[in-house]
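Participant: Okay, here's what each chain looks like letter by letter:
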Amino acid sequence: MGKKSNRKNKPSKAEKRRQKMFDYSNLSFSEKHLDEMRDHFEIFVSSFWTYISNQIKQETPEKLKDKEKELSFFDSIVYLAEEAWNIAVMYNSLDDACDTAYNTHDPDEAEIIMGMIRYKKEQYPQDKVLIRDTETQRDENGELTYSFDFDYSVMDDGLDEFEAEDDDDFNLDDWLDQKAIDKALEGIPPEFQKAAYDHEVNRQIKELREKIDLLLQEEKNNESSPES
Amino acid sequence: MKAMTEEHVFQCTGCESECDVHVRVQDGKIVAVEGNDCPTGASYATSQCKMLLNKNDSPAKAK
Ligand code: SF4
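Sequence order for the protein chains is A and B.
For the first sequence, our numbering gives the first residue as 1, with consecutive numbering after it.
For the second sequence, our numbering gives the first residue as 1, with consecutive numbering after it.
In short, the hints are calculated from the structure, not lab data.
Note that CB positions come from ideal geometry on N, CA and C, so glycine has one too.
Just to be clear, a hint being listed does not mean it is correct.
To be verified - Example chain B residues on the side facing chain A (calculated, C-beta under 8 angstroms, incomplete):
(1) Val25
(2) Val31
(3) Ala32
(4) Gly35
(5) Asn36
(6) Cys38
(7) Ala42
(8) Thr46
(9) Leu52
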């Protein structure tokens, strides 16, 4: 039995991989981390709001009073904040982020977004979860409010980093169901292939995480039950 | 329990405008950044405030 307890101290390769996979997914999805990110996005929006308001105040002060009350104006601020946040999450390189911002927005908007992307990268580089479903509304007191959700996607570059830092021969592809991926991509137009791929991979990662959770729970239960 | 809110003001040195950027802190956590005329100011004030909060947190400071 002594031999067995020694082995317990040295996890097998499979156990190490499984733990790494768990650590990675846990890191991406832990509640504490999501709470922090929620706070960070709210700060991000508040600073963005004052930045744009101040700009309008300087250019056309008389316009600000009306604008500040407009739901559509508030909506566009929150939308641009979401855009900037997500581009910053999606691209590690500032050049790539810049290309995307300028390819998908007009130059004025892209410049605004770029400023916010820099801010996000400087202050919250560890927040690697996308924002989605931002919704703005006027509450019963007439105040403008917004809500949002997280998109639990693990970005491609995140996966690359994960694979690169692994000193074992871990390969995420070994864990993914390639047939299901091929099926998910069937008939999808080329411009949507990447999104469909990401979606399917993320779905499979979520599934894997659930299995890992279960395995770890079983392991814990086995460990806590007396051996003799 | 009532949340402890404080406000710190940092003068941004990013350009000659020298904006006063207000950072609202609730229970030791930054909750809002206001007064910046551009994102540089928000980033500057956020990092200054983080530094201040870390300093206040450090055991060396504790009496
Ligand atoms: S917030 Fe922007 S505009 Fe204001 S001083 Fe800083 S860099 Fe200049």
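Participant: If a hint holds in the structure, say so; if it doesn't, say that too.
Facilitator: Evaluated hints:
{"no.": "1", "hint": "Val25", "verdict": "violated (11 angstroms)"}
{"no.": "2", "hint": "Val31", "verdict": "holds (7 angstroms)"}
{"no.": "3", "hint": "Ala32", "verdict": "holds (4 angstroms)"}
{"no.": "4", "hint": "Gly35", "verdict": "holds (6 angstroms)"}
{"no.": "5", "hint": "Asn36", "verdict": "holds (6 angstroms)"}
{"no.": "6", "hint": "Cys38", "verdict": "holds (6 angstroms)"}
{"no.": "7", "hint": "Ala42", "verdict": "holds (4 angstroms)"}
{"no.": "8", "hint": "Thr46", "verdict": "holds (5 angstroms)"}
{"no.": "9", "hint": "Leu52", "verdict": "violated (14 angstroms)"}
Checked against the numbered hints listed earlier, the structure breaks hints 1 and 9; every other hint is satisfied.
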